[in-house]
Structure formats: C-alpha cells, structure tokens
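Trainee: Sequence lines, in order, name chains W and V. Position 301, counted from 1, in the first sequence is what this note's numbering calls 301; the numbers after and before it change by one each time, with no gaps. Position 363, counted from 1, in the second sequence is what this note's numbering calls 363; the numbers after and before it change by one each time, with no gaps.
No lab work stands behind these hints: they were computed from the structure. Being a predicted model, the structure only gives us computed values, none of them experimental. Yeah, the Cβ is synthetic: ideal placement off N, Cα and C, and Gly gets one too. Treat each hint with caution, since some may be false.
[Claimed, not checked] These stretches of chain W come out as covered by chain V in the derived footprint (C-beta under 8 Å, 3 or more residues):
#: 1; stretch: 62–73
#: 2; stretch: 314–326
#: 3; stretch: 332–339
#: 4; stretch: 377–383
#: 5; stretch: 388–399
Number of protein chains: 2
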Amino acid sequence: MSVMVDEKLTVCSPKGFKAANTAAGIKYEGRDDMAMIYSKAPCVSAGTYTKNMVKAAPVLFDKERTKSDTPINAIVINAGIANACTGDEGFEICNKTTEAAAKALKIESESVLVASTGVIGKQIPVDKITAGCKALSKKLSDTNEAGIAAAKAIMTTDTIPKYCGVEIEVGGKKVTIGGMTKGSGMIHPDMCTMLCFITTDCNIEKALLQKALLSSVNNSFNMISVDGDTSTNDTCVVIANGLAENEKITEEKDDYNLFKEALQSVCFNLARKMAGDGEGATALFEVEVNGAPDESSAKILAKSVIGSSLTKAAIFGHDANWGRILCALGYSGVAFDPYKVDVTVTGNGKTLMLCKGGMETDYSEDEATEILSAKEVRCICEMNSGNSSAVAMGCDLSYDYVKINADYRS
Amino acid sequence: MSVMVDEKLTVCSPKGFKAANTAAGIKYEGRDDMAMIYSKAPCVSAGTYTKNMVKAAPVLFDKERTKSDTPINAIVINAGIANACTGDEGFEICNKTTEAAAKALKIESESVLVASTGVIGKQIPVDKITAGCKALSKKLSDTNEAGIAAAKAIMTTDTIPKYCGVEIEVGGKKVTIGGMTKGSGMIHPDMCTMLCFITTDCNIEKALLQKALLSSVNNSFNMISVDGDTSTNDTCVVIANGLAENEKITEEKDDYNLFKEALQSVCFNLARKMAGDGEGATALFEVEVNGAPDESSAKILAKSVIGSSLTKAAIFGHDANWGRILCALGYSGVAFDPYKVDVTVTGNGKTLMLCKGGMETDYSEDEATEILSAKEVRCICEMNSGNSSAVAMGCDLSYDYVKINADYRS
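If we strip away everything but chain W, and leave its shape as in the complex, we get (with noise of 0.2 Å):
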C-alpha cells in the first residue's frame, strides 16, 4: 500500500457530497441514530454485501438497485434497527424510506440507497424514519465536521467513529476517495454488522468501480474478525459522481490500477479500525502469515488465527501462549508441516520469536508480556513453505465482549 491514507478525510471530501445526521428515536433516546450522503451529480455504484443466506431487507434491496445501471444521488442509514427477518413489511420499509428521502431531496426515489444497522426480527417505525428522512435533508453540509457526524451517526457499540480518505492523482486531476464505516460486534465480514459507505469524485465506469470494490474488500474488510458471527446486515457501498473530471477509467490500466490501489487503501484503513475497535475490545490483534504456498492458504491460516477465542482471550492475558497460535493454524484446514513454523509477537516497538521450528523458544516471558500489553499487537507466522502473504485484523476477547452481548437487546 503506497497510497497515503489521510485520517482527516471523510465522506464530504470528495467534490460534490455532503452528509448529515440526525437523531431520528429508532432505536436510542438522546444519541444521533440516522445519517444521509447526497450528491446532486448523479453516481454509480457498487456494492458489496452479506454472504448469509438470512439477508436483511435493505441488503436485498440494494443489491438489486446497485447492480442496475439507475445512478444514484442518496443513501439513508439508520443505525437502531436492522430490518432482518422482517418480511414483506421490512421490504416495504425500504420502499417507504427512499420515498421519503426522495421527497425531501426532490430527487426520484430510485436514486436512494438504504441501509440497517441494529436489532434483528423488529420492524423500523415507519413515522420516525419518515421524520428522519427530512431532518436530514435540511441539514446536509460539505464540510468535515459532517462527514464526521454522519460516522458517528451509524455507530452501534462503536467506540470511536471509523472514517478517513485518499487524495490521489489521476490524468492530472485530483481524485478523492472518502470512506466510513460502522462494525464492533456480529463482525466476521464475508462480505462484517458492519456498513461501510465510500463516496468519491472519480470518473470510471461502473463494472470497473464494481471490480475495484470487490478486490478491495477481499484484502480489508473480508479478513478482519471479531467474533466468528457473520452478519445479516454487511454492506460496503461506494458511489462515484465523476465530478473529479478525470478522463472517464474504462480499462484496467495505470489510472484504474492506482484508483484501486487508492480504495483498497481506504478498505483497509477503515477495516483495521474496525478490528481494534472490536466489541469489548483492549488491543487490536494482527496475524501476519508469511511463507505459505498460496494466497488462499495464507488468508484462511490467518483467519483461523484471529477467529481463535482461546487466542483471543490469551491476547486479553496478555500470556504468550503460542501453542494456541499453532493448533489454530493446524485446525484450519490448510496443510503444513508444523515443525516448520515461526511464530513472533510484535508489539510496542519490540520484537520476540516464540516458537522456531515449530517448538518454544527460550524467550523472556517478562518480554513477552510486555510485548504482548501493547494496545496493537502482531502476531507473524512463518510458514517456510511457499512465497504467499495474508494479514487478518481482529482484537482481544475481554470480559466486556461478553458483557455486550449478554445483554444487546434490553
């Protein structure tokens, strides 16, 4: 990743989009629930979604609408309910809330995306999605500090608000890309509860925006973990509007190569803060697989690390017990040799090999419990059989995990 990713960017950054946010009462009572990106020039899009059979309404209907060539100018998300299981009705809501929003906007209904967030099996108070679509619709703004307030708007059990942005270059015209993104637990993104929304100002042709999405989504949001549980709800949408007037991206040549480079750059920015700021979570876990024959292995060997719980909860201890590390790799599915495995833990600057060959060390366990308190740990596994790399981003498993989710609903 050579592009650099500007955290002060959002999705207002690119020319053309404004955002907002609103406390619609969906769901909480005093905290902003709903938010809005508009674009006047119309966009096309792409998205990426859930690969659950038991798929929300708003997934449903936004894969159809982004896989139609219908440009798009508003996405309305409400972060309180997630319209899963919810029939016919929870269709219909969807239908409603674009409506609304379209009427607010003076825009034509089929330019509206819409997306969940929230409990599941509870239908969305049509009235106060209604109310909701036109709040935000008079406060829309291009500034950052709305794109800020739109972030902060979709989180559920988010601690912080995920967004950030790229500047890059193409055919001398600056092209932006601003992303954001919400995701703390149910995230195991195949396709993560995690919404992501990417505007951008760039020109290019939409088969292309789709492909560059996929990509990117693949090496971000598709290899982080924070609870093994894919979602009913994940979402990652971007919507391009052109107004960047770069020369149209129809081929897969050296502007596309960097756009993508771009996006994936946003893609992985935003997923990595959605691992660290995993439900319950202390510290942001990485596991680094080097050496492994092929890419496919080396993602699923890094996954099946990161969606360890005993390593998980090793990490919570702060206790180097690499043989968890191990068994996950060998219950991954993946053929290996275990007596040719590395494993070093790096953390606050420092650097530590467990285990060589497959067998302990004779590390400091002082310096691995230092290593291992950082609040961004790395775990590298060596597998010393083959030339492929993956990273998987997850967190700790806390008390407060546990805590969460015990009680989500009341």
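Given chain W's structure and the hints, the job is docking chain V onto it.
Mentor: What follows is chain V alone, placed relative to chain W:
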C-alpha cells in the same frame, strides 16, 4: 437411543478392568494429574483422533498403535502437559512412558497407550512420569471408586468428573461398557482438548470396534463445541478384552447393532456432560435442527448455532435474541429459505416459540427469560425443508470463559 445409560458405572465396570490415580506433580500441586487403566486380559483397540494438522506426540503414537493388531493392556494418561509441539523429544517421552508402565506392570511396552492434555509446547519431565507409572501400577483397583478417581485425575479446567456406562445382553451374556472423558476448553472436536477412554468386556472384532467407535463419535463428541478451537490432543480410545465371553461379534448384524447403540449411548452421555461443563459455562445449550434436507446439512446448521459467540453470550444473558440464531443458521453455508424457519426454546419444562416463518412471534419476554434461565436450554430450529435432524451440544459464553483462558498458563 433406547439403551439406558447408567451414570454410576465407570471404566472399572466391565469385567477385568482396573484403574488408578496419582499426583505425579507434572503440573498441578496437591491434586491428581495421572491415571492408568489396565486389563490383564489383552484388548483389541480402536481410536479416533484430532484432525488438527498440529498433532500432539501421544496422538501420533496411539494412532499408529491402535491401527496395528498389537494387543493392548494399559493406558497411561497425564493431565498436566499436552506434549504437543515437542518434536522428537516429545515422541521419546511417549516411548519412555510406555517402558516405565510396562516395567511396573510386567507387560510388553508395545501393549501400552499414552495420552496427554494440558499446556502446549512444554516437555514432560521424564522422572515425574516414570515415578507416576510406578505409583499407578501399585494402586490399581477394579472398584468403582478407582474408576471415579481416575476420571477425576484426568480433569484440567473441568469442574466435574465425567463417567458413565451401560450393560447390555449379547447372545445371553452380559456385556458392559464403561467410559470416562475430560474436556472443558479448546473443545470443538473434529474428533475434542478432550480425552475419552472407554473399556468393554465385549468380544468383538477389531474392525467392527473401530467402525462402531467412529459412528458413535460422529454423533456425540463431534457434535459439541465449547469455543470452536479444535485441539491438538483430541483422543477417544476404546479397548475391549472379550471377558464377557459373548460369541465374538464379527458381522454387522443384531449383536453389532446393539453394541454400537450402547457405545453411542455412552459417548453421547459423556459428550453432553462435557458440553455442560464447558469452560465458564453456566448452562448446557443444545441445538436441535429438524426438517433439514439431509443429515449432513442438519449437523452443519446445528453446529453453526452452537458455535456462535453472540448466541452463546445471549444464552448467558438469558436474552431471547433469536435473530442471532437465524443469523448463525444463515452463515453456516447451508442453503435454505429463512422465511420457512421456526425457532422454539425449551427449558425448565417449558416451551416457547420465538420465531415462526422467519419472523418474530408475539412471545412474552418474561416467559422467554424464565426458560433461558434454565441450567439446560434447548433451542429447536425447524427448517421445514426435509426430514433430517441433528443435535449439537455446547454451553453459554460467560465472563469466566475469558477469565479462565486469559491466564491459563499462569
């Protein structure tokens, strides 16, 4: 399962079997950590072992030995150190253990099986295990008390010893099966850190003993999960000394079917005990899937729910969050129509349908909370898509799971 399990029987119940326990000081101070099972009459053996790529030395050791025709007289178990990731030295410890046991028992070292559980990556002190074998051989007894003490000696984070047995009649002769198991964390058997030892006086051909064991394990231990972590040490061994003097079982006819059913009953009972005693568990959580298109799908669906951290946390919180159950069915990988699924919970002798046709019923939250506060909670998922069923067993996810595993080694 029409064969009734007797929860008072132990590995000493079948004719000719003795057991012993001792405090060898391998890991724990002031408590037993080694056990031995012994039959003077030579036994045919069968075993199933972890499919983890990282296999502990005793797993590799026993796997070879139970595959061969070598008669077995004894099993030596230590519950302090897993002897996994220990290289050639670890394998040598297995040899030295069998030699020490053979010398003490005046038998061939080839007739001894070994098993280990505990921390990964540490070497077992040879002198302690040798002294342990000597002490065990002197203490062997055929009483039920000895069987229970052995079941206690193999515990790690288990809170209760787990043993049971059955008596059946085969060709006019009483045949007895007794079993004991341990396992509480790193439990997600593909074949679980579970160890299970079953003794029987049945006269049965080795190939059929292996076949009956595989079938029993697939429907019992392989259907439980505490934390999704498949151990490096999972071992389930059955040894049969033939002293019941029934006509040898050599064909898959009535006698075999009865024996298989009896063995399955013992495995199921022990697996259920293990699930209920999962690390930090406050409740046994069972998931029954009915109406699935085929048995394999039913098993995958049931295991997906039992493995969901979010669902397990909800059970700990007595929260009727059925959306998480649907969500976990949905990401299992099995295709189904979400709007056909009914979800019912039972506990404390009460039954309540939370979800009908994929959507919420108007159940009473108070009633749901009461049911979910039971010590044994069962969730029944009716898929309405076929005739196949499966039951998976696990437990809730509590603060104590995290606590136990944040500092397991210390």
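Trainee: Each hint: holds or not?
Mentor: Against the structure, the hints come out as follows:
| no. | hint | verdict |
| --- | --- | --- |
| 1 | 62–73 | violated (count 0) |
| 2 | 314–326 | holds (count 9) |
| 3 | 332–339 | holds (count 6) |
| 4 | 377–383 | violated (count 0) |
| 5 | 388–399 | holds (count 3) |
Comparing the model with each earlier hint shows violations of hints 1 and 4; every other hint is respected.
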